[in-house]
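What follows is the residue order along each chain.
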Amino acid sequence: MSTGVNAPRPTAVTKLDRVVIRFAGDSGDGMQLTGDRFTSEAAAFGNDLSTMPNFPAEIRAPQGTIPGVSSFQVHFADYDILTPGDRPDVLVAMNPAALKANIADLPAGGTLIVNTDEFVKRNLTKVGYDGSPLDDDSLAAYQVHQVAMATLTQGALADTGLGKKDAERCKNMFALGLLSWMYHRPTEGTERFLREKFAKKPDIAEANVLAFRAGWNYGETTEAFAVTYEVAPAKLAPGTYRQITGNTALAYGLVAAAQQSKLPVVLGTYPITPASDILHELSKHKQFGITTLQAEDEIAGICAALGASYGGALGVTSTSGPGIALKSETIGLGVMTELPLVVIDVQRGGPSTGLPTKTEQSDLLQAMFGRNGESPVPIVAPQSPADCFNAALEATNIALKYRTPVLLLSDGAVANGSEPWRLPEVDDLPDLTVEFATEPNGPDGTFLPYLRDPETLARAWAVPGTAGLQHRIGGLEKADGTGNISYEPDNHDKMVRLRQAKVDGIPVPDLTVDDPSGKARVLVLGWGSSYGPIGAACRRVRKAGQSIAQAHLRNLNPFPANLGDVLRAYDKVVVPEMNLGQLALLLRGRYLVDVISYTKVAGLPFKAEELQNVLTDIVKGVDAA
Amino acid sequence: MTTTDLGLPGLAGVPTSDEPQKAKDYKSDQEVRWCPGCGDYVVLNAVQSFLPSLGLKRENIVFISGIGCSSRFPYYMNTYGMHSIHGRAPAIATGLATARPDLSVWVVTGDGDALSIGGNHLIHTLRRNVNLKILLFNNRIYGLTKGQYSPTSEAGKVTKSTPMGSLDHPFNPVSLALGAEGTFVGRALDSDRKGLTEVLRQAAEHRGSALVEIYQNCPIFNDGAFDVLKEPGEAERRLIPLEHGKPIRFGANGEYGVVRAGFGSLEVAKVSEVGEDALVVHDAHAEDPSYAFALSRLSAQDLSHTVTGVFRSVRRATYDDQTRAQVEDAKASRPADLASLLRGKDTWTVVG
Numbered sequence: 007m008s009t010g011v012n013a014p015r016p017t018a019v020t021k022l023d024r025v026v027i028r029f030a031g032d033s034g035d036g037m038q039l040t041g042d043r044f045t046s047e048a049a050a051f052g053n054d055l056s057t058m059p060n061f062p063a064e065i066r067a068p069q070g071t072i073p074g075v076s077s078f079q080v081h082f083a084d085y086d087i088l089t090p091g092d093r094p095d096v097l098v099a100m101n102p103a104a105l106k107a108n109i110a111d112l113p114a115g116g117t118l119i120v121n122t123d124e125f126v127k128r129n130l131t132k133v134g135y136d137g138s139p140l141d142d143d144s145l146a147a148y149q150v151h152q153v154a155m156a157t158l159t160q161g162a163l164a165d166t167g168l169g170k171k172d173a174e175r176c177k178n179m180f181a182l183g184l185l186s187w188m189y190h191r192p193t194e195g196t197e198r199f200l201r202e203k204f205a206k207k208p209d210i211a212e213a214n215v216l217a218f219r220a221g222w223n224y225g226e227t228t229e230a231f232a233v234t235y236e237v238a239p240a241k242l243a244p245g246t247y248r249q250i251t252g253n254t255a256l257a258y259g260l261v262a263a264a265q266q267s268k269l270p271v272v273l274g275t276y277p278i279t280p281a282s283d284i285l286h287e288l289s290k291h292k293q294f295g296i297t298t299l300q301a302e303d304e305i306a307g308i309c310a311a312l313g314a315s316y317g318g319a320l321g322v323t324s325t326s327g328p329g330i331a332l333k334s335e336t337i338g339l340g341v342m343t344e345l346p347l348v349v350i351d352v353q354r355g356g357p358s359t360g361l362p363t364k365t366e367q368s369d370l371l372q373a374m375f376g377r378n379g380e381s382p383v384p385i386v387a388p389q390s391p392a393d394c395f396n397a398a399l400e401a402t403n404i405a406l407k408y409r410t411p412v413l414l415l416s417d418g419a420v421a422n423g424s425e426p427w428r429l430p431e432v433d434d435l436p437d438l439t440v441e442f443a444t445e446p447n448g449p450d451g452t453f454l455p456y457l458r459d460p461e462t463l464a465r466a467w468a469v470p471g472t473a474g475l476q477h478r479i480g481g482l483e484k485a486d487g488t489g490n491i492s493y494e495p496d497n498h499d500k501m502v503r504l505r506q507a508k509v510d511g512i513p514v515p516d517l518t519v520d521d522p523s524g525k526a527r528v529l530v531l532g533w534g535s536s537y538g539p540i541g542a543a544c545r546r547v548r549k550a551g552q553s554i555a556q557a558h559l560r561n562l563n564p565f566p567a568n569l570g571d572v573l574r575a576y577d578k579v580v581v582p583e584m585n586l587g588q589l590a591l592l593l594r595g596r597y598l599v600d601v602i603s604y605t606k607v608a609g610l611p612f613k614a615e616e617l618q619n620v621l622t623d624i625v626k627g628v629d630a631a
Numbered sequence: 535m536t537t538t539d540l541g542l543p544g545l546a547g548v549p550t551s552d553e554p555q556k557a558k559d560y561k562s563d564q565e566v567r568w569c570p571g572c573g574d575y576v577v578l579n580a581v582q583s584f585l586p587s588l589g590l591k592r593e594n595i596v597f598i599s600g601i602g603c604s605s606r607f608p609y610y611m612n613t614y615g616m617h618s619i620h621g622r623a624p625a626i627a628t629g630l631a632t633a634r635p636d637l638s639v640w641v642v643t644g645d646g647d648a649l650s651i652g653g654n655h656l657i658h659t660l661r662r663n664v665n666l667k668i669l670l671f672n673n674r675i676y677g678l679t680k681g682q683y684s685p686t687s688e689a690g691k692v693t694k695s696t697p698m699g700s701l702d703h704p705f706n707p708v709s710l711a712l713g714a715e716g717t718f719v720g721r722a723l724d725s726d727r728k729g730l731t732e733v734l735r736q737a738a739e740h741r742g743s744a745l746v747e748i749y750q751n752c753p754i755f756n757d758g759a760f761d762v763l764k765e766p767g768e769a770e771r772r773l774i775p776l777e778h779g780k781p782i783r784f785g786a787n788g789e790y791g792v793v794r795a796g797f798g799s800l801e802v803a804k805v806s807e808v809g810e811d812a813l814v815v816h817d818a819h820a821e822d823p824s825y826a827f828a829l830s831r832l833s834a835q836d837l838s839h840t841v842t843g844v845f846r847s848v849r850r851a852t853y854d855d856q857t858r859a860q861v862e863d864a865k866a867s868r869p870a871d872l873a874s875l876l877r878g879k880d881t882w883t884v885v886g
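Heads up: the sequence lines are chains G and D, in that order.
Our numbering numbers the first residue of the first sequence as 7 and each following residue consecutively.
Our numbering numbers the first residue of the second sequence as 535 and each following residue consecutively.
Hints were generated in silico from the structure; no laboratory data involved.
Mixed in with the good hints, there may be bad ones.
To be verified - DSS-like, lysine-lysine: derived pairs with alpha carbons at most 30 Å apart:
id, chain 1, residue 1, chain 2, residue 2
1, D, Lys865, G, Lys268
2, G, Lys268, D, Lys879
3, G, Lys549, G, Lys525
4, D, Lys680, D, Lys691
5, G, Lys206, D, Lys879
6, D, Lys556, D, Lys591
7, G, Lys290, D, Lys780
8, G, Lys132, G, Lys170
9, D, Lys556, G, Lys268
10, G, Lys290, D, Lys591
11, G, Lys206, D, Lys691
12, D, Lys879, G, Lys207
As the list claims (entries may be wrong) - Beyond 10 Å from chain G on every Cβ pair, some chain D residues (computed):
id, residue
13, Asp552
14, Asn612
15, His620
16, Thr632
17, Thr881
Claimed, not checked - Computed list of chain G residues with no C-beta within reach of chain D, every gap over 10 Å:
id, residue
18, Asp111
19, Leu140
20, Glu441
21, Met501
22, Asp577
We put the beta carbon where it would ideally sit given N, CA and C, even for glycine.
Use the sequences and the hints to build the structure in full.
Structure (structure tokens):
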């Protein structure tokens, strides 16, 4: 702990195994930053953690309104946790809108910390409160702490010479300081962070540090808070950890892919929520041989990536669902020309513009089938923020080895959420080096660009600049071997089947089933970011004395070879998805197993409690039958 | 000998060949499948005859096309090539040219491909000034889809899709390219082998995006669209050939010239009436594009006048050169230390 803000503690200390805190305020209140800093403190302390930012698509919705509310939820614990938490134990509400939008999620007995300065008539009326909820008994079920955060912050900064408005803007750091005190968090990281962030404005940096300390000291000196809490470090697997978001992990995975493949990476992309941070991150790491190209539109982004791949680079494009719709034709060209391409879809609520800042898993069928013709592409879906690193390496490996576009299906929850990541040993990362064709491979010194490796069915990849191997490729059907234009009926039939066989033949690891009891009759099968809530729900079901088996799909195309056997081994298979049953449709069609589809499309991740109830009912039903 | 020694900045970095080359070296083994009499044949021959003069290694030349009759072009070239998707060739070529400074990248496109479905990519490629050469075959009609009007068809065009006449006002591709901040814009006729070759040569020399509009006859769906520019007696009084540093003068006996008019515009005048000194001396290197734009406006949709040659050729840093320079700068100033990147600033260690 740093000096300066830490004095002896008079209050009682309660030990907790886990806490969920939600910071909520206006879009301009800096709630994402506040939550992010608290998360970093928890990470530095060694807790396991999981976070969920939730913010509007508008940059600054009208101040003080419900649509303008931005929140950040962080779940930290002394054991390994799987989700950002269903409901907060502590809600910090910076204004009436934040209170109104979030109070329903706070369970009775929960702690509510309110910035009273904003609870004035005008703000209350704006969100439809007749009187102040702080003055009636509507909040009687909660432990309410009323703190005049703006006033206290301004008071603390009175001597800094900072204007009243600038001083008031530091109130989020006051809130952070107070919560940091309550939960015995380390503080030096935040102070260092603030001084770095505002390095060019030292007076602002010091003001924020002062506000942060004022919040801490407020907790320390007032007697309003009788108890503080400790959440011990988690007993995670040995190793060195850092906190990471999904988008950052994905970008790092691509940097690692550049190193491991020894290829330059060209990211051709167009800004879109919630994928833009991948572009932002990669654009900072050009020293790894990474080129980022912000194109004129989604189509140009993927086309530039494919053009770079044609030239022997690793082409990557990043987008969300609406962008995939625009890129479809180029993905098809990648399938036809059999060039490597990594296509990242950070899924968001749809259709159309949908819910740009909310999460959904509804692009699975678009990824699988959203192109003209028989156009198979491998699909990889990370299950958590840190897993995005490995998913990027895996997608790259498949793309390079099989010369094919690969769809990487992330989503808003994984992309913006964060968790501890055990750092991999760089020396242990997979070798992704590629062998380009350099010699003729056909009769009489000719080059056959569509001659295939008998094992992988990948075609020979000769890049421009290779003497003697000049050839032409394109979107028209290829003659087997030569790659020349061919309209022959039998050739087309053969090529369609070859392209399918190539993707079908990609070896993916067998599906593993987690069933500690070994007696489960119900299997719950998910994919992508629902891993956390499904896993948490399974733990609860088992804790209640019932058996349930869990498996999670990372490879959506091709499916693991044992998937059919796994599905048929259980009396019931439940498939929870944040869509209307897209994986369920594929499973029923492919394996003729009548899975139970449980779906929700609220723009938010599943809650563990909700899935627990669903699974419990099904398990009981099977046991009773 | 390098391309820089040869005075070809547009091809700097592209390896040259010491082997003498012939046009037939650039012919692929694929049968050319354009309609008999198509202007595309003439352009193909001109390009195949011209490329040996650059002395580049054939394997370092790439032709990228979109969709349309002209976009079959790469199949007939014994170089590397990609026949891509409708309108997207400039975007694909941008990625390729950015990734590979050692390639001479050519885009082959048509009036529908470049100006209709691919209009966005065309203008953004030109403003970025990516080092690639765009050959825009303009036949003022959709050929491959069997005869609908195109964005360069004259208004009122009667086609299968416009039996009562087309309503759209057409693009002037040269004006469009200049408005899109193009650094090199030229025009040639398919039938004018010498003029076309000269524009191609200058385009190849230019470092940056070069747009060459080629008037090309479609004998099936728009036959004779440019005949007035080829008929003796008509051609001379309609075609205005440009030559840098020379007064702009044309006509069978040089009786016409181009002079300045109001508001920065240009007009055609009889030399006998305005005098030789009034003629505009062509300056393709003028920084201000409004001069080249004024030239482009002399070309009328009814072909009463058509300016050919190089309208504009100015130097501006290219997108791909600058992109690569940023990567090189980053490599020179920061170590590519993956372990350090992954570790970041804040880590903690769990001991077993």
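Each hint, compared with the structure:
Simply put, lysine 865 (chain D) and lysine 268 (chain G) have alpha-carbon atoms about 14 Å apart, close enough for the 30 Å limit, and the pair holds. With a C-alpha separation of about 26 Å, the suggested pairing of lysine 268 (chain G) with lysine 879 (chain D) holds against the 30 Å cut-off. Our distance criterion of 30 Å between C-alpha atoms is met by lysine 549 (chain G) and lysine 525 (chain G), whose separation comes to about 15 Å. Restraint check for lysine 680 (chain D) and lysine 691 (chain D): satisfied, since their Cα atoms lie roughly 15 Å apart, inside the 30 Å limit.
With a CA separation close to 20 Å, the supplied pair lysine 206 (chain G) and lysine 879 (chain D) stays within the 30 Å bound. For the suggested pair lysine 556 (chain D) and lysine 591 (chain D), the alpha carbons sit about 12 Å apart, so the restraint of at most 30 Å is met. For a cut-off of 30 Å, the pair hint linking lysine 290 (chain G) to lysine 780 (chain D) is broken: about 49 Å separates their Cα positions. For the hint linking lysine 132 (chain G) to lysine 170 (chain G), the alpha-carbon distance of about 24 Å falls within 30 Å, and the restraint holds.
Taken as a hint, the lysine 556 (chain D) and lysine 268 (chain G) pair is broken in the structure, with Cα atoms around 37 Å apart against an allowance of 30 Å. Only pairs whose Cα atoms come within 30 Å are accepted, and lysine 290 (chain G) paired with lysine 591 (chain D) is rejected, the gap being roughly 35 Å. Under the criterion of a C-alpha separation no larger than 30 Å, the hint pairing lysine 206 (chain G) with lysine 691 (chain D) is inconsistent with the structure, at around 63 Å. The hinted pair formed by lysine 879 (chain D) and lysine 207 (chain G) meets the criterion: a straight-line CA distance of about 22 Å does not exceed 30 Å.
Its beta-carbon lying about 13 Å from the closest one in chain G, aspartate 552 (chain D) satisfies the requirement of being farther than 10 Å from that chain. Once the 10 Å rule is applied to beta carbons, asparagine 612 (chain D) is inconsistent with being away from chain G; the minimum gap is 6 Å. Distance to chain G contradicts histidine 620 (chain D) as a non-interface residue, since its nearest Cβ pair spans about 8 Å, not more than 10 Å. Taking the minimum C-beta to C-beta distance to chain G, about 6 Å, the non-interface status of threonine 632 (chain D) is violated against the 10 Å cut.
Against the 10 Å criterion, threonine 881 (chain D) falls within the reach of chain G, whose nearest CB is about 5 Å from its own CB. Remark: the non-interface label on aspartate 111 (chain G) is consistent with the geometry, its nearest Cβ contact in chain D lying 29 Å away (cut-off 10 Å). With a least beta-carbon separation of about 37 Å from chain D, leucine 140 (chain G) lies farther than 10 Å from that chain, consistent with its non-interface assignment. Every beta carbon of chain D lies more than 10 Å from that of glutamate 441 (chain G), the smallest distance being close to 18 Å; the non-interface claim holds.
No beta-carbon of chain D comes within 10 Å of the beta-carbon of methionine 501 (chain G); the shortest separation is about 16 Å. Every C-beta of chain D lies more than 10 Å from that of aspartate 577 (chain G), the closest at about 39 Å, which supports listing it as non-interface.
Hints 7, 9, 10, 11, 14, 15, 16 and 17, counting from the list given before, are not met by this structure.
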